[in-house]
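Undergrad: So the protein lines, in turn, are chains L and W.
Position one of the first sequence corresponds to residue 1 (this note's numbering), numbered consecutively onward.
Position one of the second sequence corresponds to residue 1001 (this note's numbering), numbered consecutively onward.
Any given hint could turn out to be false.
Straight-line C-alpha distance at most 30 Å; calculated BS3-like pairs for lysine-lysine [claimed, not checked]: (1) K1031/W to K303/L; (2) K1285/W to K303/L; (3) K285/L to K303/L.
Chain L regions said to be covered by chain W (calculated; three or more residues, Cβ under 8 Å) [stated by the list, open to error]: (4) 4 to 18; (5) 41 to 48; (6) 323 to 332; (7) 385 to 392.
Short derived list, chain W residues pointing at chain L, Cβ under 10 Å [said to hold, decoys possible]: (8) M1006; (9) D1124; (10) K1285; (11) K1303; (12) A1307.
I should point out that these hints are in silico values taken from the structure, not numbers from a laboratory.
In this text, all values refer to a predicted model and were calculated from it rather than measured experimentally.
C-beta: ideal position from N, C-alpha, C; glycine also.
Here are the chains, one letter per residue:
2 protein chains.
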Amino acid sequence: MTEPVMRNSLDPALRERAARVIPGGMWGHQKATQMPEGYPQFFARGEGPRVWDVDGNEYVDFMCSWGPIILGHRNPTVERAVDAQRAVGDCLDGPSEHLVDLAELMVRTIPHADWAMFQKNGSDATTSCVTMARAATGRRKVLVARGSYHGAVPWCSPSLAGVTAEDRAHVLHYDYNDVDSLAAAVRGAGDDLAAVLVTAFRHDIARDLEMPTRHFAQTMRALCDDAGAALILDDVRAGFRLHLGGSWETLGVRPDLAAWSKAIANGYALAAVTGGDRFREAAQKVFVTGSFWCSAVSMVAAKATIAELHAIDAPAYLERVGNRLRDGLAAQSRAHGVAIRQSGPAQMPLVLFEDDPEFTKGALFCRQALARGTYLHHRHNMFLSTAHSDADIDRALAATDAAFAAVAAAGG
Amino acid sequence: MTEPVMRNSLDPALRERAARVIPGGMWGHQKATQMPEGYPQFFARGEGPRVWDVDGNEYVDFMCSWGPIILGHRNPTVERAVDAQRAVGDCLDGPSEHLVDLAELMVRTIPHADWAMFQKNGSDATTSCVTMARAATGRRKVLVARGSYHGAVPWCSPSLAGVTAEDRAHVLHYDYNDVDSLAAAVRGAGDDLAAVLVTAFRHDIARDLEMPTRHFAQTMRALCDDAGAALILDDVRAGFRLHLGGSWETLGVRPDLAAWSKAIANGYALAAVTGGDRFREAAQKVFVTGSFWCSAVSMVAAKATIAELHAIDAPAYLERVGNRLRDGLAAQSRAHGVAIRQSGPAQMPLVLFEDDPEFTKGALFCRQALARGTYLHHRHNMFLSTAHSDADIDRALAATDAAFAAVAAAGG
C-alpha cells in the first residue's frame, strides 16, 4: 500500500530553529517527539473540525487542541462575541460585567455550585481547590488517585525533576475505582484529611480509560462527608463534554469543589473553580490571583461557549458522533482482523491495540491515518467537538480503514 | 471645594450580584474594596492611556491594568497583529511558528537568555524558575527577600490561608538591599542552596519603593557563583519598563534565570522564563505545561509588543513621562505645603504622604484625583505606558493639583 505524500519541509526547519532557543525544542504535552514519527510539531490554522500544519497538510482533528476546542476551531458564535468585546477592551484595571454574568451562568448550570472563581490554567484551578479545602478544614492531607494527572506544578507534576519531598508531604494515594484502597487512604490521613481529589474518569495516559463506578463515587462522597473533608472533582479535562452540570452528575454524586478549564471557553485561556456555600468563606480567605485572570475576552468567550453548549445539548451530540466513530472503528477492526480495545466515554475516546505493549501498532495506525488527513493519538484520550459532522467522522473512517489495513499487513 | 460628580449606579448593582456568586464579591489584587472608597470595581473599556468604568466615568489610567498595558490599551499595532492571527487560529494541537520567532526575539533582546519558554501567569514563571534551579543543582533551598511578592501560589503567596508549613520548608529569607542578611541566608542554606530569587527592585506594597544598589546586586551574583546556585530575577512586574534586556542590565548584573509576564504582550495572557545554557538541560527535564501555553495569539501580541518597545525605546520614553508626572507632583506638593515621598523608578512610581501611617491622606488624594478623571493608587506602585502623552500627564496634574488642595484643606 502506498502511503499518501505529506508535505514536510517547514516543520523540520522550525524544529531546528526551536532546538536552539527552546530547551528540548518544545515542552510539555504538545511535544511532537512524544507522538508517532512524522507528526507535525507546528500548526498554522484551525477551522471547525479541521487543523492545518505549517506545511499546509489538512487533518480532521481528533485532539481538539488537547481538549479546549469543543465547538470546533474558530466557532463563529464565540468569535463574534470575542470581536465585540475586543473592540472595547480585555485586560483592564478590574473585571468587566462579564465576570458576574459568567459566574451566574456557572452557578445556574452546575448544581453543586453556589459560587465561581476564575483563573487561567487547569493547574491554577486544582491548586486553588486544594488550598481552599485546607483553609476550610484546617487540615493538610489530600488524597489523589495513583497515576492521575492533576497539573504540572510541583505538588502534582508527573515528573519529579526539581520537586522536593516536602512538595508532596501531605499527598496520599488511593487507586481509582477501588473503594478499599480509598477507605484505607482515608484512614491513613487520620484526623488530618482535608480533601479527596478525583478526575471525572480515569484518564491516565497509555492505559485503558475507565469510567468511575457509581459505588466508587458514592463511597467517596460518604467518606468525605464522614470525615468533614472536601470532595474535589477535577473536571479540567472532561468538563462540559460529559454533562454540562459537571461530569459526576451522571452518577448522582456532587463534589464540594470542582476545577474546570480546557473546554470552558472554546480555546480561550480560562479556568474556573466552583464550590458550595460550605467553602465560600475559605475561597474568600485564600489569596489567589493572576495578572490576566479578569480579562474580559476569555469570559465573553466562555459565556458564548456555555450558552451554545446548552442550546445544542453538546454532550449528547458529542456522544452520538463519538459512537459513530467508535462503531466504525469496531467494524473495521473486525473486518481487518486487528483486535483493538476502545475505552472511555464516546466523547473522549481512546483506541489501544491488543498485544501492543510498546504502542507500535498504535503508532503505525496513527501515522497511516495522519497521512490520510486524520489526526489521532495513539495513547492519550482523544476529543470530539460539536463541529465534527457525520461526514467528518466518515472521512476519518476512510482513513482508519486504510490504517487498519496497514497494521494488518505489518502482521498486526 | 466641590467634588465633581461621578456616575455610580451600575457598579454597586454589579457588586451586589457579584457578592452572591463570587466569594467576597471579588478576589485578589484587583479587589476594589482594597482601594480608596468610591473606586469602581468593574470596567467597561480601555483606549490608549484611558479606561472607562461600567458607569462611563473616564480616567487617565496610571495602573495600566496593574502592569500588562505598556503600549496603551488596544494598541493598534498589537491589535492588527492579533487580528491577522485570529483569522487563522489561536489554540491548536501544537504551537505556531510564532513560538519560535518569539523565543528568538527574546534571546536577541535579553543578554542573559540563551533560551525561552512560555506560560500564562507570573506565578507559572517564578515557580518554573525555582523548579528548574532545583533540578539543575539537585538542591532545595531558595532565598527570597522578606516581604517580596513572587506570586499567588502556596510556596510564595502573601496569605497563609490553606498553606502548609511544608509548602515553604525550603524557603529562607534575606532583606532586600542588605548584603549582610543575604550572606547570612546563604550561609544558612549551607550546601543545599538552589537559588536566590529577587525582584527587579523592591516593590513591596505600602512602603517606599527601593532600587537595588549595585553593591547588593553584584554581591548576590558573586554569592550565587560561589555557591553554584541560580540567581533568579523576578522581572514579572518591572520587565520591559526599565530595560528591554532585563531590569538588572542597568546594574551590570545578569541572572541565570528570569521570570517575565505582565507587559510582555500588552495585555494578552503570557509569561516567560528565560535562562542561560547552564540551565538548559534542567529546563528540559522539568515537566511544565498548560492547556493554553502555546496559543498563537498571545505570542503574536508579544512579538508585536517587543518590536514596538524596541522601535520607540520604551524605557526611555516611560522614564521621561514618568519624570514629568513626578516633577509636577513635587512642585504641587511644595506649593500646597503637603509633604510627600516619591520613590521607585519613574516608569513605575509610588507616591506616599508624610505622616500618613493609615494611608488616609493618600486615599483622600486618590479619591479626589479619581473624581477628576485620574486613576491612581495610594499604596501600590503605579505604571506608565507609552500611550501617556505630555498632555495626559498635564491633565492628570490638573486633577492632582485639586487633590493636593483637598488634602491641605483636610489639614494634610
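Undergrad: If a hint holds in the structure, say so; if it doesn't, say that too.
TA: Outcome of the hint check:
| no. | hint | verdict |
| --- | --- | --- |
| 1 | K1031/W to K303/L | 22 Å, holds |
| 2 | K1285/W to K303/L | 38 Å, violated |
| 3 | K285/L to K303/L | 27 Å, holds |
| 4 | 4 to 18 | holds (count 4) |
| 5 | 41 to 48 | holds (count 7) |
| 6 | 323 to 332 | violated (count 0) |
| 7 | 385 to 392 | violated (count 0) |
| 8 | M1006 | 15 Å, violated |
| 9 | D1124 | 7 Å, holds |
| 10 | K1285 | 4 Å, holds |
| 11 | K1303 | 13 Å, violated |
| 12 | A1307 | 17 Å, violated |
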